[in-house]
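Protein chains: 2
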Amino acid sequence: MFAVIMAGGQGTRFWPKSRKPKPKQFLDIIGDETMIRRTIDRLTPVIPKEKIYAVVNASHLQDTISQTGLSEDSIIVEPIGRNTAPCIGLAALYIQRKDPEGVMIALPADHHIEDQQAFLKTLLAAEEVAQSIGYLVTLGTEPKYPATGFGYIEKGELLGESGSKEFFKVRRFTEKPDLSTAIEFVADGNFLWNSGIFVWKVSAILEQIKTHLPSLYKGLMKIRGAIGTDREREAISEVYSNIESISIDYGIMEKSDITAVIPSDFGWNDVGSWASLDEVLPKDKDGNILIGKCISLGTKDTVVYGKDKLIATLGLDGIVVVDTGDAILISRKDKCQDVKKIVERLEKEGMDEYL
Amino acid sequence: MFAVIMAGGQGTRFWPKSRKPKPKQFLDIIGDETMIRRTIDRLTPVIPKEKIYAVVNASHLQDTISQTGLSEDSIIVEPIGRNTAPCIGLAALYIQRKDPEGVMIALPADHHIEDQQAFLKTLLAAEEVAQSIGYLVTLGTEPKYPATGFGYIEKGELLGESGSKEFFKVRRFTEKPDLSTAIEFVADGNFLWNSGIFVWKVSAILEQIKTHLPSLYKGLMKIRGAIGTDREREAISEVYSNIESISIDYGIMEKSDITAVIPSDFGWNDVGSWASLDEVLPKDKDGNILIGKCISLGTKDTVVYGKDKLIATLGLDGIVVVDTGDAILISRKDKCQDVKKIVERLEKEGMDEYL
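For the record, the sequence lines run as chains A and B. Note that the first sequence ends on residue 355 in this note's numbering; no numbers are left out. Note that the second sequence ends on residue 355 in this note's numbering; no numbers are left out.
To be clear, the hints were calculated from the coordinates, so they are not data collected in a lab. Mixed in with the good hints, there may be bad ones.
Identical chains share a label here; the pair holds if one copy fits it or two copies do between them.
When the alpha-carbon atoms are kept at most 25 Å apart in a straight line, the in silico DSS-like pairs for lysine-lysine are as follows [what the hints assert, rightly or not]:
(1) 285 / 340
(2) 307 / 293
(3) 340 / 307
(4) 22 / 348
(5) 17 / 307
(6) 285 / 210
(7) 51 / 176
(8) 341 / 293
(9) 17 / 293
(10) 300 / 285
(11) 121 / 210
(12) 341 / 307
(13) 176 / 255
(14) 340 / 165
(15) 22 / 293
(16) 255 / 169
(17) 222 / 300
(18) 307 / 348
(19) 144 / 285
(20) 17 / 341
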């Protein structure tokens with residue numbers, strides 16, 4: 001089994017800590033190690049490092065090398081981000097050269113997983129499913145609450161069992177729902193959170209790209225001939241400058257009829273915004289997460305992510321504070337998804353020093 | 001007329017900007033000049049600078065000289081703060097030496113006054129009242145709303161008119177009321193905000209101290225003999241180390257039967273906390289006061305008092321943010337009175353670098 005770590009994201013929702021030169025996945029937002037490093041370390045008990053690839057933006061090549069210990073050969077460089085479908089297609093080409101019948105896991109660089117053992121067990125089960133029936137397999141996780149920030153997967157018929165884990169045909173993928181829909185989903189019992197972790201044979205995913213995203217497939221074929229030659233970079237740049245930016249979920253998973261899901265429970269969280277720290281870091285008795293030098297009086301349900309400065313809070317409820325030295329973010333917790341709007345504003349106003 | 005500017009306060013409710021070495025009155029919290037400087041400049045059209053005294057803590061002598069342009073002779077140094085009654089009694093001694101029949105105005109160093117002309121007019125009327133009938137005169141200001149952060153004065157019988165301004169006997173002084181009482185006061189029409197600005201003959205106030213605070217009077221008499229000699233500092237220190245800390249309101253005004261009030265309307269505010277900036281600085285269309293480099297999205301009724309750093313706010317309502325470089329305060333607006341509790345906590349935890 002090969003792994004492809006998708007590390008091309010911008011992490012704008014983690015501004016002001018996440019910046020263009022060092023987005024979220026290259027930061028140690030939770031814990032002592034960077035998220036990309038944690039993602040790799042989580043895999044190495046079952047996938048040797050030489051079978052792990054990272055797909056990154058050109059500007060992050062050096063950070064990726066220094067943080068991950070991956071060899072430069074294992075780092076696939078995108079000249080520009082085009083969402084997950086091109087990223088996965090490109091990585092599939094590299095794996096195909098090594099092992100045309102290989103199975104690959106594609107996963108984001110910046111997720112949190114609580115229970116590594118359970119995760120790896122699910123992964124091995126998924127590998128077996130992908131290998132045996134040729135399906136595109138998603139790891140679905142049991143919803144803990146009616147989240148509106150995650151996509152959902154509805155289970156269809158039971159396809160079988162692998163390594164004591166049942167796997168199901170996917171009835172449908174749904175995008176982030178509104179709250180009342182999310183409540184229905186959770187009550188229904190047939191819906192799982194979409195972890196964004198996929199397992200499939202490279203041949204299967206390339207075949208599905210050919211069917212559902214033919215122009216991407218054409219571009220990939222142009223690249224395939226150039227890999228390993230002097231023209232490799234140039235070919236990728238040329239294709240990327242013209243292909244559509246599209247997610248694997250929307251471009252393939254929602255359209256394919258060979259998708260399967262393995263329900264699991266390994267404490268997954270996509271760590272999608274500052275507010276999600278609530279779900280992955282321990283809280284004090286008032287429901288606060290206070291990192292750095294803090295004094296908090298009459299404050300509850302609040303996240304303070306400090307740096308060197310003293311941060312004093314008084315009477316706050318449901319607020320997120322992030323200090324990075326040159327910038328401070330103060331947001332209502334339920335508005336943290338909109339942090340990207342601040343980044344957009346900074347771009348619009350040419351305040352590049354904060355991007 | 002002489003003026004005594006009481007500048008011995010600690011300004012803890014303006015932490016983190018107000019610090020022990022430089023409390024509120026020595027800062028330019030509103031506008032370009034320090035509050036003590038503005039207080040002096042406001043007076044000089046009617047009181048020459050050589051008749052203006054400042055009472056300050058020993059540690060602020062140099063700042064007072066450099067910020068006010070007062071001569072060292074005009075700066076009365078307290079070794080330790082003992083609230084306003086000892087401060088006023090001490091200053092009265094100095095003025096008495098210059099002019100036993102002099103009238104003095106006693107006022108805090110850190111108030112905001114919108115309409116200087118109206119203020120000076122009221123002051124001159126008060127001087128006349130103090131001179132003619134020997135009363136302790138307070139400037140009362142028409143309440144604009146049922147404030148719970150100010151003391152109130154209830155008007156009694158009309159005593160007369162001075163410079164087209166009516167003046168009344170004081171029926172009673174009341175401390176900061178609760179909201180329902182404040183609402184009653186405002187509805188009643190006979191209540192005024194207590195500005196903490198007093199006008200009286202030095203002989204009258206010393207006489208009243210003799211009557212109502214005899215032990216303070218005794219201490220003052222010890223100091224009187226030492227003023228102008230080598231023993232001056234020592235005598236003040238000795239007396240201050242033993243006298244009670246008590247306010248002029250509680251110690252004299254609430255007990256004296258020769259108190260008068262002149263109702264006026266000169267846009268007074270005591271600038272008692274960060275939240276009060278709302279009342280003295282202009283707001284944008286969302287009710288925000290944004291000072292410094294700010295981006296505010298979906299934010300209303302919020303004060304951001306920045307320094308060098310970018311401060312981005314998202315979805316805030318009724319919050320105060322103050323950044324001073326080494327410390328950040330984030331408080332609910334209606335909890336700003338409790339900022340002093342943060343200072344207490346810092347003291348308790350020995351975090352002296354933030355005091």
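Since the copies are identical, ignore which copy is meant and state whether residue 341 and residue 307 lie within 25 Å (CA to CA) inside a copy, between copies, both or neither.
both (23 Å within a copy, 23 Å between copies)
Go through the copies and call it for residue 222 and residue 300: within, between, both or neither, with a Cα cutoff of 25 Å.
neither (56 Å within a copy, 53 Å between copies)
Within a copy, between copies, both or neither: where do residue 340 and residue 307 come within 25 Å Cα-Cα?
both (21 Å within a copy, 24 Å between copies)
25 Å Cα cut-off: does residue 307 pair with residue 293 within a copy, between copies, both or neither?
both (7 Å within a copy, 19 Å between copies)
Same-copy or cross-copy closeness of residue 255 to residue 169 [CA-CA at most 25 Å]
Result: close within a single copy only, 13 Å intra versus 86 Å inter.
Within, between, both or neither, where residue 341 and residue 293 count as close if Cα-Cα is 25 Å or less:
between (28 Å within a copy, 17 Å between copies)
Measure nothing new, just compare the shortest in-copy and cross-copy C-alpha distances for residue 17 and residue 341 to 25 Å and report within, between, both or neither.
within (15 Å within a copy, 30 Å between copies)
Evaluate residue 340 and residue 165 at a C-alpha cut-off of 25 Å and name the case that applies: within, between, both or neither.
neither (38 Å within a copy, 59 Å between copies)
When no copy is specified for residue 51 and residue 176, does a C-alpha distance of 25 Å or less occur within a copy, between copies, both, or neither?
neither (32 Å within a copy, 72 Å between copies)
Within a copy, between copies, both or neither: where do residue 307 and residue 348 come within 25 Å Cα-Cα?
between (27 Å within a copy, 22 Å between copies)
At 25 Å max between alpha carbons, let me know whether residue 285 reaches residue 340 within a copy, between copies, both or neither.
Between. Shortest inter-copy distance 24 Å satisfies the 25 Å Cα cut-off; intra-copy 30 Å does not.
If the cutoff is 25 Å on CA atoms, where do residue 22 and residue 348 land: within, between, both or neither? Let me know, please.
Within one copy only: 20 Å inside a chain, 39 Å across chains, cut-off 25 Å.
The structure fails hints 6, 7, 11, 14 and 17 (numbered hints given earlier, in ascending order).
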